[in-house]
Structures are given as C-alpha cells and as structure tokens.
Amino acid sequence: MRSESVNEQPSPRCVLEIPVLGSDSDTSSCSSNSSSYSPRKPVFQKGNKDSYGLQWKNLIGNVKKKYVRSFSLIPLLTSNDKNLRRTKLAKLHASEEEHVDINSMPVPKPSWKNFTYSELAAATDNFSPENLIGKGGHAEVYKGHLSDGQIVAVKKLMKNEKQEEDRASDFLSELGIIAHINHPNAACLIGFSVDGGLHLVLQFSPHGSLSSVLFGSPERLDWKTRFKVAIGIADGLKYLHYDCQRRIIHRDIKASNILLTEDYEAQISDFGLAKWLPENWPHHVIDVFAFGVLLLEIITGRRAVDSARQSLVIWAKPLLQQNEVKELVDPGLGDNYDPSEMKRSMITASMCINHSASKRPTMIRVVELLKNKESPVEGELKYCGERGIIADSLDLQDYSRTSYLNDLNRHKQLVME
1 MRSESVNEQP
11 SPRCVLEIPV
21 LGSDSDTSSC
31 SSNSSSYSPR
41 KPVFQKGNKD
51 SYGLQWKNLI
61 GNVKKKYVRS
71 FSLIPLLTSN
81 DKNLRRTKLA
91 KLHASEEEHV
101 DINSMPVPKP
111 SWKNFTYSEL
121 AAATDNFSPE
131 NLIGKGGHAE
141 VYKGHLSDGQ
151 IVAVKKLMKN
161 EKQEEDRASD
171 FLSELGIIAH
181 INHPNAACLI
191 GFSVDGGLHL
201 VLQFSPHGSL
211 SSVLFGSPER
221 LDWKTRFKVA
231 IGIADGLKYL
241 HYDCQRRIIH
251 RDIKASNILL
261 TEDYEAQISD
271 FGLAKWLPEN
281 WPHHVIDVFA
291 FGVLLLEIIT
301 GRRAVDSARQ
311 SLVIWAKPLL
321 QQNEVKELVD
331 PGLGDNYDPS
341 EMKRSMITAS
351 MCINHSASKR
361 PTMIRVVELL
371 KNKESPVEGE
381 LKYCGERGII
391 ADSLDLQDYS
401 RTSYLNDLNR
411 HKQLVME
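Residue numbers (full-length UniProt numbering): 1 to 417.
Treat the hints as calculated values from the structure; they're not laboratory data.
All C-beta atoms, glycine included, are put in the ideal place defined by N, C-alpha and C.
There are no misleading hints in this set.
What follows is a set of in silico ranges between Cβ atoms, one per label pair, in the way DEER data are often shown:
1) Glu165 <-> Tyr117: 15 to 25 Å
2) Val325 <-> Gly197: 41 to 51 Å
3) Gly136 <-> Glu164: 15 to 25 Å
4) Gly197 <-> Pro278: 30 to 40 Å
Only pairs whose alpha carbons sit at most 30 Å apart, straight line, appear in this in silico BS3-like list of lysine-lysine:
5) Lys317 <-> Lys359
6) Lys143 <-> Lys159
7) Lys275 <-> Lys228
8) Lys224 <-> Lys317
9) Lys135 <-> Lys113
10) Lys343 <-> Lys359
11) Lys343 <-> Lys317
12) Lys156 <-> Lys113
13) Lys228 <-> Lys143
14) Lys143 <-> Lys275
15) Lys343 <-> Lys224
16) Lys326 <-> Lys359
17) Lys371 <-> Lys359
18) Lys371 <-> Lys228
19) Lys156 <-> Lys135
20) Lys135 <-> Lys159
21) Lys224 <-> Lys143
22) Lys224 <-> Lys359
23) Lys317 <-> Lys371
Construct all of the structure, not just a fragment, from the sequences and the given hints.
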C-alpha cells in the first residue's frame, strides 16, 4: 500500500478551482434519484472566446473578493506584514493564470449563494441548541429555515486548536472539492458564508445520518433500505474515484458522514479531509477499506468501534471466513432479508477489508458485486477461508501487519470523532 503522502496532489487551497466544467460542477440541481444518473463525458459548450473571457474574469473577480474577505478574518493577515499579504494575493493571480484556458473552457455555472451571518442566524434562530442536529470534532450542524421557506442544514466550523489561517484554508479546500461534485449520492451544497465565521449551507436530509438511523433509532432499519443505502454509497464512491471531472479521495467514509434523503437515498457528505486522487493511482484503498467497514455496520447493526473501543473488523473477520451468516446478521432483522443480497454484501465486505491492499477491489468492482452484474471469481474468494488478519510472507512486500493495523487505528480515530 502506498503512503498517502507519496505523489499525492494537495487539496485546492482556494475556490478559484471552481468550477472546471459546467456539466459536472454546477450544483444548481440537487437530484436524489440515483437511478437517473449515468457517468458522462464533459460536454464543452461552443461560444465566443471574448464572452468566455469576460464571464470567467467576472467569476474570478467575485471569488477573489470572497477569498480575500475570508482571510480578512485572520489577524495574521490584517497585520502590517504586507509581504505575507502580497504572497496570498500572488497565489490568487497564479491560480487564475494556471486554471483558465479560454480556448477549451466552458462557461462555468456557479449557483452557490454567499449568505450573510444575519441570514444564517435568522434561519437557525441564532444557532439555537434546539436546532442543533449534529456535532463532530470540527463542526456543528444546525437545522434552518431560509426566508423562502427552504429547509437547510447549516454546518458551522468550530474554533479549535487550529490557527485561523489553517481553518480558513481547510474551509476553502472543502469548497474547492465540492465544486467538482455533481451526483445524486453526494450531499448538495446550497451556499456558504465567511461572514462572522465559516459556514456551509447544505440541502437538509430529513432522516439525518446513517449513524443516527442505524444506531440511534428504536426502530430497526429494514434490510431492503439498508441494501439500497449500501449501493448508493458505493455508487457515490465510484463516482468520486472514477467519474468525477477531477477524481477525489474522500478519506472520511463513516456512518455519520452518510446523509439520508426523504426516500433513503444515501448522500456522501463532509469533504473536509478529501484530496485529489493522483492520476497514477487506479483507486484509493483507504476509501475501499472504510466502505467495507461501513458495509459491516449495515449488515451487523454494530458500530465500527464499540463502547469498549473494540473493532468490528476484528470481531467479524473469522465469522466472514467461516460464512457464519446467522452470527453476523443484525439480530433485529431476524430472517427478514434477501439471502442473495446478504451473501453478496458479506463477500464484498470481506474483499474490501482484505489485509492486503492490492487485493481490495476497486469501487467499480464493488458496485458490480453488489448489483450482481458479475459473480466473484474464484481468485477473489480464495482468501475468505484461508487467510487471517496477519499477512503472510508473500504479502509483506506490499502490505505489512503494521500497515493493516494502521488502517484499523486510523479508522478508529475517524469514527470516534
């Protein structure tokens, strides 16, 4: 397994990266019908070169104002250090020159609204605790009602040990990533605000997160819905890894980051840790591993890490190898599940959490397996009954026991946040 720090392109540091392609980056229509989505090649619009230049220049100017305005919140940049301020502005101009190619660039279609703090305060009743619907290590999420009646979720980035400059940089990085995403299984961004703090405004998900429904509800989620959610997450990750205009690693796939629409369509959210997927990487094994863990949560109804900080993967591995379906399946489901779907889910989860990173499937393969487009081949299933958690000597060259445990520990840290 390759280290994430090797040959990895950094996340965008400003929203000048948005939007590269109007067909793939415009989030004005947030569809929740995944069946209607099909990966498409970029469609370049024909038009007048001067018109492109003018529209692009206006867009860049507006974004630059927002970018500089956000950094005006940072005391370091409002000091007398003019050289540092010039450096920041120089990066803006460099980005403008680097990313704009008028001859091949379609007209971008930004549809996000730049909210004022007063608008968000009014929508959330001054960020009332009664409207708090989620809280993580770095942000709080509030339910809000906009003046036009639209219900939204307002993600408020909290102040922590990070410096203001780093927080603003992370915020802009997340915006730059989201700008390239347009898929029914990814959360829809409506707007943002850098007024009185850093905020993201997203489409509201009536059922909250998969975590709250799977673990925080007295009623058990039925298998049909669970399987639909699993396929939706897989489709979303496949899009990020392969079909997005710029391929993306999410790096934080967990139940609390999967939102559920009114019809229980899964939407991947929280791109705060996301990065560009390097061109020479076919896919990203950490996302695949995390999906395997999430699939185990869906199957078993158990958390990835329980209250005693025990790993679900460690518990489930021998049961998967011995094909102990009854022991694995959430007792709350009883026998109310499709045996074929359950078998495919178990096989897919086993493959995704393989200790050998090179033997984990791509998300393309995962979608095929879950949708039963092609049954697993013998070589893919060989390890299920023969291999334990500890890598043998043949695997040590590409993935050691330590690396596997690092995957487990990293995932523990993420899900415990």
